[in-house]
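Those protein sequences? They're chains A and B, same order as listed. The first sequence begins at 1 in my numbering and counts up one residue at a time. The second sequence begins at 1 in my numbering and counts up one residue at a time.
Hints are computed from structural coordinates only; laboratory data are not their basis. By construction, the Cβ of each residue, glycine as well, lies at the ideal position given by its N, Cα and C atoms. Keep in mind that a hint or two might mislead.
[Unchecked claim] Residues of chain A clear of chain B, computed beta-carbon distances all greater than 12 Å:
#1 L29
#2 W46
#3 A53
#4 G56
#5 P62
#6 L66
#7 L73
#8 L117
#9 Q162
#10 I173
#11 L180
#12 L186
#13 I188
[What the hints assert, rightly or not] Covered by chain B, according to a simulated footprint, are these stretches of chain A (three or more residues, beta-carbon under 8 Å):
#14 32–43
#15 76–82
#16 101–107
[As the list claims (entries may be wrong)] To give an idea of the chain A side of the interface with chain B (calculated C-beta under 8 Å), a few residues:
#17 F26
#18 A110
#19 L115
#20 V119
#21 P133
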Amino acid sequence: MTLPHFPPLAASFFGLLAIASLLLAFVMLGSRWLRDYMYAFGLQSWLIALISAGIGHYEQVPELYLVALLTVLFRGLLLPYLILRILRRLHADRELHEILQPASALVLGAAGVVLALAVAYRIADALGDPGSPVIILALTVMLSMKLIGFLMLSIRHEAISQILGLMILENGIFLGSQILIPGMPLLIELVILFDLLVAVASFGVLARYLMEHAGTTSSLQLRKLVG
Amino acid sequence: MSLRDILLQIAQVAAVLLLSPLLQGFIHRYEERVQRARGPSLIQPYRDLWKLFHKELVIPEGASAIHFLAPVVAFTAMLIVPILIPVLTNFPLPLSNMGDILGGGLILTLGGFFITLAGLDSGSAYGGIGSSRSVMITILAEPTLILVLVGITLLANSMLPFVVNHLLVGDLSVYWSPAHVFLVCAFFILLLVETDRMPIHSSTHIEVYMIEEARILEYSGPLLALVRWASAMKQFLLYTIFCNVLLLPWGLSIQGTVLGTLGAAVAVLGKLALIACLVILVETAQSRLRFYRYQEPLAASFLLAALAVIANQIR
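When you get a sec, could you build the whole thing from the sequences and use the hints?
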């Protein structure tokens, strides 16, 4: 497998964008307000679209411009809009009963980043290209965003935070793949986007069902396996 | 060690000693202004100190020697720190090799430690509350402080503040690197915590959630003046470290001439005013939190410091 090589300016630009999106993942992890998550998620998607477009420019892959456009449209605008609509209808503003305090969650997330860094070094060694720092950075950001996504899935009860955890996870994988394998086929990207859309749509149905039958959107109430 | 360097070193200490109440006055005045009140005069802290030094000393029953020792130790500690850091000049002066960044942090904490002891000493309820709260927050702030210092050390491969200053002035790519940006953010939160501006309480006198004020409630007269002055100096020192070592490393005297030193003093005042405006903005815009959410800003700061160390590894 050949990894891309970027000029220094491009490398630092991608590094800054990747780190900014990692920070936004931490904003989502540390906040209690569901609306804040949505804005952070939208912004993160815009940053990832910028990375796609930048890589398309430096690696001369014109499809990536299209990918960037689709990312902005779907992840940056459509998905946040849909979820904000669900939020408005369900009157779910904030996470009420978190299992872990946001402060402890942030510290756990930091530990996750350290773990991700250690793993990223191993992977970069195995790929036989320890040279470019932006590769290690991309691997670290990808793995830590996945860990943060898992963390959010496991420490939040509110059904909407759980789908957001899933979406951070997905954003992380997407960000990593953009930097590591710039020529990812357009078709796969399209499939992933529609997958996400379907996930959010079916999730919306599920959340409304929960609201009607259990009177809450908290998954804590789902103790019994009867309808 | 020339005479000029010794004089410059004395000037550094004198600058911290004499200008620190001015910074305090600036923050008090413009915080009120932002909130659409008139605010006290800029030199009000000097007047307060003058007044306190002329008042009689009331000693609480059961106060031991610690009660007298603590203000003096705190005041002296704050006079030692400016020797170690670049306040006016960007080159090391005599005795500045006594300690590195970690040493400076240790001496800053020593002053706070003695004030905490004094809070416990007289046995009053408020002193105990203030001491226990401030120790709790210090315990949480300490790992972050150490991580920030480790981050600075990794960035510059040195623990001397002067080296960090030179590196940041000389190399803009280091200045804009993610590691440095994270360090600045982490240190800014620490700055708010250490200068008693957490979003969980207001820094005013006599209030249920007071922290620093509760520790010194038993003091009066000249001893109170010393404590107040020491805390103003601590604030000035932390702002100076933040400006001259991390955020705005420019505008220090390079050759050490009289004119250059005066210019550096003016520049330091300008930079500190800038940071003070930022602090005022944060303090006004940030809503007050419940008291038991004190660990959240510290967790964020810890996270930023950890990310700085990691970003440094990848750089």
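Structure-based check of each hint:
The non-interface label for L29 (chain A) is inconsistent with chain B: the shortest C-beta to C-beta separation is roughly 9 Å, within 12 Å. Here W46 (chain A) stays apart from chain B, with its beta-carbon at least about 19 Å from theirs, past the 12 Å limit. Consistency note on A53 (chain A): stated as away from chain B, and its beta-carbon is indeed over 12 Å from all of that chain's, at 21 Å minimum. Here G56 (chain A) stays apart from chain B, with its beta-carbon at least about 23 Å from theirs, past the 12 Å limit.
Every CB of chain B lies more than 12 Å from the CB of P62 (chain A), the least distance being 29 Å, so the non-interface label holds. Every CB of chain B lies more than 12 Å from the CB of L66 (chain A), the least distance being 29 Å, so the non-interface label holds. At roughly 29 Å from the closest C-beta of chain B, the C-beta of L73 (chain A) stays outside 12 Å, upholding its exclusion from the interface. For L117 (chain A), the requirement that its beta carbon stay farther than 12 Å from each beta carbon of chain B is not met, with the minimum near 5 Å.
For Q162 (chain A), the requirement that its beta carbon stay farther than 12 Å from each beta carbon of chain B is met, with the minimum near 22 Å. Distance to chain B confirms I173 (chain A) as a non-interface residue, since its nearest Cβ pair spans about 20 Å, more than 12 Å. No beta-carbon of chain B comes within 12 Å of the beta-carbon of L180 (chain A); the shortest separation is about 15 Å. With a closest Cβ-Cβ approach of about 30 Å to chain B, L186 (chain A) is found to remain outside the 12 Å limit, as its non-interface label requires.
Non-interface status of I188 (chain A) relative to chain B is upheld: no Cβ of that chain comes within 12 Å, the nearest being about 28 Å off. A stretch counts as covered by a chain when three or more of its residues have a beta carbon under 8 Å from one of that chain; for the stretch 32–43 of chain A and chain B the count is 0, and the coverage is violated. Closer than 8 Å: that is the beta-carbon criterion, and the stretch 76–82 of chain A has 0 residues meeting it against chain B, so the requirement of 3 is violated. With a threshold of 8 Å between beta carbons, the proposed coverage of the stretch 101–107 of chain A by chain B holds, since 6 of its residues qualify and at least three are required.
A hinted interface residue such as F26 (chain A) counts as satisfied when its beta carbon comes closer than 8 Å to some beta carbon of chain B; here the least separation is about 6 Å, so the hint holds. For the restraint placing A110 (chain A) at the interface with chain B, the shortest Cβ-Cβ distance is roughly 4 Å, inside the 8 Å limit, so the hint holds. Because the smallest distance between the Cβ of L115 (chain A) and any Cβ of chain B comes to about 11 Å, over 8 Å, the interface hint for this residue is violated. For V119 (chain A), the suggested interface contact is broken, since its CB lies about 13 Å from the closest CB of chain B, more than 8 Å.
Look at P133 (chain A): its Cβ gets to within about 5 Å of chain B, closer than 8 Å, so that hint holds up.
Figure legend: structure checked against the earlier numbered hints; hints not met, in rising order: 1, 8, 14, 15, 19 and 20.
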